[in-house]
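First to last, the sequence lines map onto chains A and B.
One point on numbering: in the numbering used here, the residue at position 241 of the first sequence is 241, and numbering is uninterrupted.
If you want the numbering used here, it's the position in the second sequence, counting the first as 1, plus 411.
Check the hints yourself; a few may be wrong.
[As the list claims (entries may be wrong)] Which residues of chain B face chain A? A few of them, derived with a C-beta cut under 8 Å, are:
1. I459
2. P461
3. D463
4. P464
5. A472
6. P476
7. G478
8. R482
9. N500
10. F504
11. G510
12. A536
I should point out that these hints are in silico values taken from the structure, not numbers from a laboratory.
Small disclaimer: the values here were computed from a predicted structure and weren't measured.
Note that CB positions come from ideal geometry on N, CA and C, so glycine has one too.
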Amino acid sequence: MTRVRIAQLSCGPEYSGVQKEINDAAAAVDAEIFFPDLKLADIRQSFSEFGLDVRSPDLKLAIARAKALVEGRVEADAVFIATCFRCAEAAIVRNELRRFIHEKSRLPVVSYSFTERTTSGTLLTRMEALTTIARRRALLAREVQEGITMGVDSGSSTTKAVVMKDNRIIGTGWLPTTGVIESAENAVSEALSAAGISRDEIQAIGTTGYGRFLVGEHLKADLIQEELTVNSKGAVFLADSQHGPSTVIDIGGMDNKAISVQDGIPGTFTMGGICAGASGRFLEMTAKRLGVDITELGPLAMKGLSQKVPMNSYCIVFGTQSLVNALAAGSTPEDVAAAACHSVAEQVFEQQLQEVDIKEPVIMVGGTSLIQGLVRAMGDLLQTPITVPPYSQYIGAVGSALLASGFIRRE
Amino acid sequence: MANVFIFPTTSLILSDLVARFGHTPLSAAMQIREIVQTPGLESPPLQITPEDPKKGLRWAAVEVPAGVRGRMSLYGPLLDRAEAAIIVNNADFSFGCMGCARTNELLMFLIRKKGIPVLDLEYPANEEEGVEFVAAIKRFLDSLPGGRA
Numbered sequence: 001m002t003r004v005r006i007a008q009l010s011c012g013p014e015y016s017g018v019q020k021e022i023n024d025a026a027a028a029v030d031a032e033i034f035f036p037d038l039k040l041a042d043i044r045q046s047f048s049e050f051g052l053d054v055r056s057p058d059l060k061l062a063i064a065r066a067k068a069l070v071e072g073r074v075e076a077d078a079v080f081i082a083t084c085f086r087c088a089e090a091a092i093v094r095n096e097l098r099r100f101i102h103e104k105s106r107l108p109v110v111s112y113s114f115t116e117r118t119t120s121g122t123l124l125t126r127m128e129a130l131t132t133i134a135r136r137r138a139l140l141a142r143e144v145q146e147g148i149t150m151g152v153d154s155g156s157s158t159t160k161a162v163v164m165k166d167n168r169i170i171g172t173g174w175l176p177t178t179g180v181i182e183s184a185e186n187a188v189s190e191a192l193s194a195a196g197i198s199r200d201e202i203q204a205i206g207t208t209g210y211g212r213f214l215v216g217e218h219l220k221a222d223l224i225q226e227e228l229t230v231n232s233k234g235a236v237f238l239a240d241s242q243h244g245p246s247t248v249i250d251i252g253g254m255d256n257k258a259i260s261v262q263d264g265i266p267g268t269f270t271m272g273g274i275c276a277g278a279s280g281r282f283l284e285m286t287a288k289r290l291g292v293d294i295t296e297l298g299p300l301a302m303k304g305l306s307q308k309v310p311m312n313s314y315c316i317v318f319g320t321q322s323l324v325n326a327l328a329a330g331s332t333p334e335d336v337a338a339a340a341c342h343s344v345a346e347q348v349f350e351q352q353l354q355e356v357d358i359k360e361p362v363i364m365v366g367g368t369s370l371i372q373g374l375v376r377a378m379g380d381l382l383q384t385p386i387t388v389p390p391y392s393q394y395i396g397a398v399g400s401a402l403l404a405s406g407f408i409r410r411e
Numbered sequence: 412m413a414n415v416f417i418f419p420t421t422s423l424i425l426s427d428l429v430a431r432f433g434h435t436p437l438s439a440a441m442q443i444r445e446i447v448q449t450p451g452l453e454s455p456p457l458q459i460t461p462e463d464p465k466k467g468l469r470w471a472a473v474e475v476p477a478g479v480r481g482r483m484s485l486y487g488p489l490l491d492r493a494e495a496a497i498i499v500n501n502a503d504f505s506f507g508c509m510g511c512a513r514t515n516e517l518l519m520f521l522i523r524k525k526g527i528p529v530l531d532l533e534y535p536a537n538e539e540e541g542v543e544f545v546a547a548i549k550r551f552l553d554s555l556p557g558g559r560a
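Could you build the full structure based on these sequences and the hints that come with them?
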């Protein structure tokens, strides 16, 4: 396997003690980080041409390096942009460079704002997605599922399994994640039973999600792949939007993903970065506090008005406090449910969707896409209709099953 | 002989001028050499570990970006020892370059707050200004305790 070369455009990681973490994350997915070399004269000319007159020389250097990549003066397979968390000047540069590279080149790019606590583990999925896009473009171009394949998504909250045959979903399984392997086994059995086929008939298996390596090894999977690329494929497949631009939003139990997709392949993406007050976990807690099942939260929220209840905390503890206060002050469960959905949507909108270019169609996937109140709140904030495709809660498993069919051995 | 903080701290020319006129330059190269030569640390390329931005808390609060605090953990100890400073404003990148503008602003403030003798210079644009630039540095260094004046 060829080493993927990831160009780093950054300000501050070496002084924050996290450069080693970045290098380690890249090495874990058989990639290498490099800093594009430039002449001093090129640096002066490049940032002046770019037109963003920042004060920090390291950011000027990052701009010049981005221009060299886009103009083909330096070759790379992918780009990683990293700047200090809480630096406003760097945030402007980070966003503009990400947009610039996305628009002017085919290089996959991810941006990240770090602190001294950033670890290689935090960066691993992002690096893995970058290398997958660079290394497996041919596989990611697959639009049709063939044969009989299975996909398993071992997520932080739930484990999903899907059996597909000849481009159709014929069986599904969905269980809360308890023991990673046990949950996967049970979800697989459920999906096989629903499909009415035996395990021997499965021609290829793909796994994704937090438990992908463990489950993949256990099931002897043909494809083990992170959820950013897999979910993108699953989303455009199910939404019948495989060509042209689209935006995929997945509000998960532990982190959120926003992916700007072109022809089914992620261009830019963000992952996590905000607290539990903006995750599916907060909606689970809201449902529990309101005494309803999570499946009833969406319809309840549709009947309420979010404006009636102040709720906008990034922190799940303070968010729950707002919820309890509102109920104690006499707010209706409908309004509280609507406010919780709006709060989660607003924080994802403010914190993450600013980092990707929103292009229609906007596709919401994952278990939370079944909560209508959340989908409505996101649509209101984005001022655009949101597509929730069928089987949206199985998105990772569907993407895995689709891509795994590329591994079926032809006799 | 005085300890003279230089800005940009990466400037080899400034460092050389200070040493040549009989004083001790406080420069980034010295600090980085010390860190690189300390055994047991292995975070390339500057051997800065996540512990260093925490040391930087002495000069900048926790809400200040990690990159600023990490840089301050290098330059802060130099400031503590400084008895005089030479600041070159708007220097060319090739003369010496400090990557983070926020760190530079903080350094400038802390130098002035310290109340030590400071020579403020603009980077020379031509040969004539260059000659005056070196002469001004010589006059300043000579006037310091232990100088040649």
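How the hints compare with the structure:
1. I459: Interface hint status for B/I459: holds (5 Å vs cutoff 8 Å).
2. P461: Hint holds; B/P461 Cβ to chain A Cβ min 4 Å, cut 8 Å.
3. D463: Where the cut-off is 8 Å and the nearest Cβ of chain A is about 6 Å from B/D463, the hint holds.
4. P464: 4 Å, holds
5. A472: 11 Å, violated
6. P476: 3 Å, holds
7. G478: 3 Å, holds
8. R482: 5 Å, holds
9. N500: 12 Å, violated
10. F504: This interface hint holds because 6 Å falls under the 8 Å limit.
11. G510: 3 Å, holds
12. A536: Not OK, violated: B/A536 not within 8 Å of chain A, min 15 Å.
The structure is inconsistent with the numbered hints 5, 9 and 12, although it conforms to all the rest.
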